[in-house]
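Asker: Sequences listed follow chains Z and V, in order. Letter by letter, the first sequence follows residues 13 to 161 in the numbering used here. Letter by letter, the second sequence follows residues 659 to 1040 in the numbering used here.
These are computed hints drawn from the structure, not numbers from a lab. Ideal Cβ placement from N, Cα and C applies to all residues, glycine included. Check each hint, because a few of them may be wrong.
What the hints assert, rightly or not - Sample of chain V residues at the chain Z side, in silico, Cβ under 7 angstroms:
#, residue
1, GLY697
2, LYS700
3, TYR731
4, ALA786
5, ARG789
6, PRO790
7, GLY1016
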Amino acid sequence: MTQETRIIESTWDLTAYQFKIEADALSLFVKGLKDRKILGRKCGTCGTVYVPGPTYCRKCLIDIDQVVEVSQEGRLDAFTVSLADVRGKAVDNPFISCTVKLDGSDSFLMGVLEGWTDWRSVKEGMRVKVVWKDVTQGALADLSHFQLI
Amino acid sequence: MNERVAVVGYKQTKHTIDSPVARERMVYELVKSLYHDMGITKDDIDTFVLASNDFTDGRTISEVFTVPRIGAYMKDETKVEADGLNAALYAYMRILTGLYNTALVIGFSMAGSEFRVPLTQSYTMDPAYERPRGIINFYSTAALQAGAYMKKYKFTDEDLAQLTLKNIRNANNNPFAARKDPGASVEKILGSRPLYLPLREAHVSTYADGACAVVLSSKKTAKKFTDKPVWIDGVGHFMDTYYVGDRDLLAMEHLTAAAKKAYKMAGIKNPKKEIDLAEIHTNFASEEPVLTEALGLFKPGSGKDVVKSGASAITGTLPVNPSGGPLGANPVNATGLIRLAEASAQLRKEAGQNQIKGAKTAVVHAQDGPGAQLNTVFIVRR
Ligand SMILES: [Zn+2]
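With the rest of the complex left out, here is chain V (with noise of 0.2 angstroms):
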């Protein structure tokens, strides 16, 4: 058995809404320049764990271009059928049973140009009562929690704009972020094309092309890669029901329960305090009050306080999403991995213009389904 286990390489591609290259080129040249940069070749890996998702990519047994490419032929490899943060989870459950030292994770995606990311998850909604009305959606889904929130907290369109606009300020100074709109602000947000009121076409997260690719090794190895290991502590993943109808979309119990569990696992007792960043999947701008609260980052119903107090941007007592998140990139399956990866570049201070002094301990968080339905936390430490 492994007891420890360290995040001990991390790369990501530059993303984009329309990669010039191929699925399977992206994650060799990606890939290769991380055994590059650290020195490995493949047989450093012991094994390999993607995600992808076979209606997304298109076509089934997504990851069969892709297992070459990483350096998985003829080696252990598997596939995980949701966001990367997931196949990370794998790869880190897999390390600790002592059978594997490192593992590979990478998530890919082709989001920006080939599929139609709302078209197509539209169809993973109940078939017997949501599809055929065509009324709930991903868009929807967020929209009805969006507008229960803003009502609830009087949290307005202008806060809302706001936290936006911080969002999309972060992910301009990151150089791996597909959206770039340096001239963005609080009054084009607001008057941005209208989808599901409250939310405009600003609030979405940008689907795109691209791939994050993660090392993770056990105590024992770590020393091997890297001197600045960053220890996954905790771990957390719960989800709640499929039927959108049975959920309390602002409640949230189950991510609340999720970090519950990872904060225990990593001897936090006060996160509010002992968190220094939260890297967290949001598919709209809107899931950052509900979501940061969940996880205990802030009271209940503080979104309006967060935007105004600046607690939240990258200068503020608890960073949301230094990155800009997904608001900057959402290559959907790669975006849970990405937040892991932007954690780890946070603690090992390798995190460029949007570096927050002297992070430690970081929360990542990534979501599958409609409004959240699906959460992974993880606890990272240097």
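So that you can see chain Z by itself, here it is in the shape it has in the complex (with noise of 0.2 angstroms):
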């Protein structure tokens, strides 16, 4: 025995990437970014408000299709200092991601927040309030990001 291991390179050469998703909550959500709206579902039976609104209560496991706009702040719920990026490699400039719950929503939205200077002093339970890009037009990245009030 010479050899304890040996590497086999070979290829790994899978298709493109395809992936059917339903489309009901995604496309009523961009469809109201695009109109700077932060639009979800409501279920009728046990009140949770989704955003974005998927068409049935995973609660209630029943369908539900009653469209309610959320407000465009809320509340800071948790979040995090990136000071490296996945690799862990240190960035120049550190960001903070978080999650909001925005007024009249039972689900979170995540974003990158900003209106800091010193990460020390963001605290979980600060307002926030959502900033639009410049330009809308039906993404996810037409919510620039939430903004400290």
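Grab the two chains, each in its own frame, and use the hints to assemble them into the complex.
Answerer: And the structure:
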């Protein structure tokens, strides 16, 4: 026995990525974004407001179709300061990723938080508002970021 | 501890090669209508076991979209990365523990429209010996097995075409099958596009989008759900070695061992006489004689006689795949669970045009891996 391991080199050639998703929740949400509105769906039975809003309630296991607009202001629920990238390499400009619960919504939206100078002063529970891109075109990126109020 | 477990409800989608709805809507509609048919809600289910495969679903943790859609939100739930009949085996064992009385088992797939099954399966082959050379894959393994059987037992291309035709005709009468070919004939099958000879396109199962759900219950609670329980009286689950070069593709000793264990558990001494029908998981038509013989349903090498006598037809002495089997629809991961649903339909006299008269005992089979490397066997009774 002279070798303990050996590397086999070969290719991993899968075709292009395709994934069929149920369109309703995303379509309603991005349509709202184009008009600078945050739209979701509400369950008439348990009252849960989902943003983005699927066409069913996972708690009641029923179809739901009541479209609701929620506030563009809300509460900073949780955040993380990104000081490194996914490979562990330090980043030059640290940024904050956060989850926000907009008023009237039972879901959380994720985004980047701005309006701070020292991240040590950012606290959960702070009020934030939605900031839009200058031009909205019906894409997730229309919601530029959340801003501390 | 629970002692006996039954299928108390089942339902499958109409399988198709390009589902108009996404997987999450597919399982949602299916499970909701099953609950509705049974007059139950998600709260009647103690544990949920899903069958899906990260690799063939195109993403990891492949049940995330479907868990809330079947009513498992905030409930006891797990996933089996294998065929749905294995998920049923896990659910059966969970119920046997006595910790649960009911289970929902579901398998789903987008094998028709999204992932290219043979290509994806090629990446499950041995990375050192089989993958780099690209010679051995699921098709070629089946073709090697088919060729060996045909040569050894003088099973001709015409016999194989006849066997294929039997399944296509059964599928034509199955409202859930994806493949509909009323004009099928031996000549057309013999003339279909050659893939890995002796295998041709017509011999290949129909990769499909679809799902199947089954509700299992302990004996204690079964009466609450149905007056037609289908009892799972025997199970067996064996596998052969991974490297194809180390396997005797004709012998299928692992399937014979799994079947023997299941028969023994169910108290079956002579399967040829005591089994009324078989629903088996064939990825290729040529696997039918190999698998049914390993299951002890027909004499070794009798494939030609079985075809000629029509013994495995719906009107025969031991019908095999009266549903048309996977040649009619192969939504990978749901395929074996569909065999359980189809067998249950037969035993409950709910099989429509393909109903076999007086069927009381069935053998159900599922496979995974190239050339049926892993096999699961259920014996079910009314
Ligand atoms: Zn609800």
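Asker: For every hint, state whether the structure bears it out.
Answerer: Quick rundown of the hints versus the structure:
{"no.": "1", "hint": "GLY697", "in the structure": "violated (15 angstroms)"}
{"no.": "2", "hint": "LYS700", "in the structure": "holds (6 angstroms)"}
{"no.": "3", "hint": "TYR731", "in the structure": "holds (4 angstroms)"}
{"no.": "4", "hint": "ALA786", "in the structure": "holds (5 angstroms)"}
{"no.": "5", "hint": "ARG789", "in the structure": "holds (6 angstroms)"}
{"no.": "6", "hint": "PRO790", "in the structure": "holds (4 angstroms)"}
{"no.": "7", "hint": "GLY1016", "in the structure": "violated (38 angstroms)"}
Comparing the model with each earlier hint shows violations of hints 1, 7; every other hint is respected.
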